[in-house]
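A.B. asks: Note that the protein sequences, when read in sequence, are chains D and F.
Here this note's numbering is used: the first residue of the first sequence is 1, the next is one more, and so on.
Here this note's numbering is used: the first residue of the second sequence is 1001, the next is one more, and so on.
It should be emphasised that the hints constitute simulated quantities derived from the structure, not laboratory data.
Heads up, some of the hints might be wrong.
[Said to hold, decoys possible] Okay, derived cross-link-like pairs now, DSSO-like style, lysine-lysine, Cα gap no bigger than 27 Å in a straight line: (1) F:Lys1057 - D:Lys101; (2) D:Lys96 - D:Lys9; (3) F:Lys1071 - D:Lys96; (4) F:Lys1055 - D:Lys101; (5) F:Lys1053 - D:Lys15; (6) F:Lys1070 - F:Lys1057; (7) D:Lys15 - D:Lys65; (8) D:Lys96 - F:Lys1055; (9) F:Lys1003 - D:Lys65; (10) F:Lys1070 - D:Lys96.
[Unchecked claim] If the Cβ cut is set under 8 Å, some of the chain F residues that face chain D in the computed set are: (11) Ser1008; (12) Tyr1010; (13) Phe1020; (14) Met1027; (15) Gly1040; (16) Pro1061; (17) Glu1062; (18) Gly1063; (19) Tyr1064; (20) Ser1087; (21) Met1088; (22) Leu1090; (23) Gln1105; (24) Phe1107; (25) Leu1116.
Computed from a prediction, not measured in an experiment: that's the story for all the values here.
Think of the CB as a built atom: it goes at the ideal place given N, C-alpha and C, for glycine as much as any other residue.
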Amino acid sequence: AQRVTQPEKLLSVFKGAPVELKCNYSYSGSPELFWYVQYSRQRLQLLLRHISRESIKGFTADLNKGETSFHLKKPFAQEEDSAMYYCALSRGGSEKLVFGKGTKLTVNP
Amino acid sequence: DVKVTQSSRYLVKRTGEKVFLECVQDMDHENMFWYRQDPGLGLRLIYFSYDVKMKEKGDIPEGYSVSREKKERFSLILESASTNQTSMYLCASSPRTSGDDYNEQFFGPGTRLTVL
């Protein structure tokens, strides 16, 4: 069965500090991993996907198959990064996503 | 710009009522999804539709049904609402994947349903 674990419900950092949101997954095949973000009073939207290997809003995430992890990182957090972050997994070619329980990030001034 | 709209932002119903949540997308997407979002539980898939009149149960279908009579519209039905169905309901759509390509899911603004 596919499972996504986000061990931190809440994460609080100061502006300018590095931030890492953890995501671990359980899946025997080759997964596709994603991070979705929901800012206050906005709809849920895709932040980035591992296949594209891009940096979005200063965030990066590397798929580590050995550790079955897909942690989201940013070297210098900004207040506007405060949001709810969800890690999600899809089997290759599958239409469906399995979401983690989410991590609420607060960046303090 | 992909637009997914949901019929109500807030809804208050009484236990036992039949409740309809409507979702419309304007990008000709084949796939549509209904999730519920609860604090500490994340997003859980209720139902998924990959074509008109086609549906597939998600992880928590009990107490819900769906209808997809037109490609752009996907309805979630609570046959007899109960207090434990108080939640935020999110609709999403995506184009059909091809091969190993994944297509982004686009979400609506959500409907906060309270069942008294």
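A.B. asks: Determine for every hint whether it applies to the structure shown.
C.D. replies: Comparing the hints with the structure gives:
Restraint check for F:Lys1057 and D:Lys101: satisfied, since their Cα atoms lie roughly 20 Å apart, inside the 27 Å limit. Taken as a hint, the D:Lys96 and D:Lys9 pair is honoured in the structure, with Cα atoms around 23 Å apart against an allowance of 27 Å. A C-alpha spacing of about 18 Å is found between F:Lys1071 and D:Lys96, which places the hinted pair at or below 27 Å, so the restraint holds. A distance of roughly 25 Å separates the Cα atoms of F:Lys1055 and D:Lys101; the hinted pair therefore holds under the 27 Å criterion.
For a cut-off of 27 Å, the pair hint linking F:Lys1053 to D:Lys15 is broken: about 49 Å separates their Cα positions. Pair hint F:Lys1070 plus F:Lys1057 holds up; C-alpha atoms about 19 Å apart against a cutoff of 27 Å. Our distance criterion of 27 Å between C-alpha atoms is broken by D:Lys15 and D:Lys65, whose separation comes to about 31 Å. For the hint pairing D:Lys96 with F:Lys1055, the CA-to-CA distance comes to about 13 Å; that is within 27 Å, so the pair holds.
For the hint linking F:Lys1003 to D:Lys65, the alpha-carbon distance of about 35 Å lies beyond 27 Å, and the restraint is violated. In summary, the hint linking F:Lys1070 to D:Lys96 is supported, as the alpha carbons are separated by about 20 Å, within the 27 Å threshold. A distance limit of 8 Å between C-beta atoms decides the matter here; for F:Ser1008 the minimum to chain D is near 15 Å, and the interface restraint is violated. Against a cut-off of 8 Å between C-beta atoms, the interface hint on F:Tyr1010 is violated, since the closest Cβ of chain D lies about 13 Å away.
Residue-level restraint check for F:Phe1020 is violated (minimum Cβ-Cβ distance to chain D is 21 Å; threshold 8 Å). Interface hint status for F:Met1027: violated, as the beta-carbon distance to the closest one in chain D is roughly 15 Å, over 8 Å. Because the beta carbon of F:Gly1040 sits about 6 Å from the nearest beta carbon in chain D, less than 8 Å, this interface hint is met. For F:Pro1061, the interface hint is violated, since its Cβ never comes within 8 Å of a Cβ in chain D; the closest pair sits about 13 Å apart.
Taking 8 Å as the C-beta cut-off, the interface hint given for F:Glu1062 is violated, the closest approach to chain D being about 18 Å. Taking 8 Å as the C-beta contact cut-off toward chain D, the hint placing F:Gly1063 at the interface is violated, the least distance being around 20 Å. Among the interface hints, the one on F:Tyr1064 is violated; its C-beta lies about 16 Å from the nearest C-beta in chain D, farther than the 8 Å criterion. Because the closest C-beta pair between F:Ser1087 and chain D is about 14 Å apart, greater than 8 Å, the hint is violated.
Taken as an interface hint, F:Met1088 does not check out: its beta carbon lies about 10 Å from the nearest beta carbon of chain D, beyond 8 Å. The interface hint given for F:Leu1090 holds, since its Cβ lies 7 Å from the closest Cβ of chain D, which is under the 8 Å cut-off. With a cut of 8 Å, the hint placing F:Gln1105 at the interface with chain D holds, because the nearest CB-to-CB distance is about 6 Å. Evaluation of the F:Phe1107 hint against chain D yields a held restraint, the C-beta minimum of about 4 Å falling below 8 Å.
The beta carbon of F:Leu1116 is not positioned within 8 Å of any beta carbon in chain D (closest approach about 24 Å), and the interface hint is therefore violated.
Of the hints listed earlier, those the structure fails to meet are numbers 5, 7, 9, 11, 12, 13, 14, 16, 17, 18, 19, 20, 21 and 25, in rising order.
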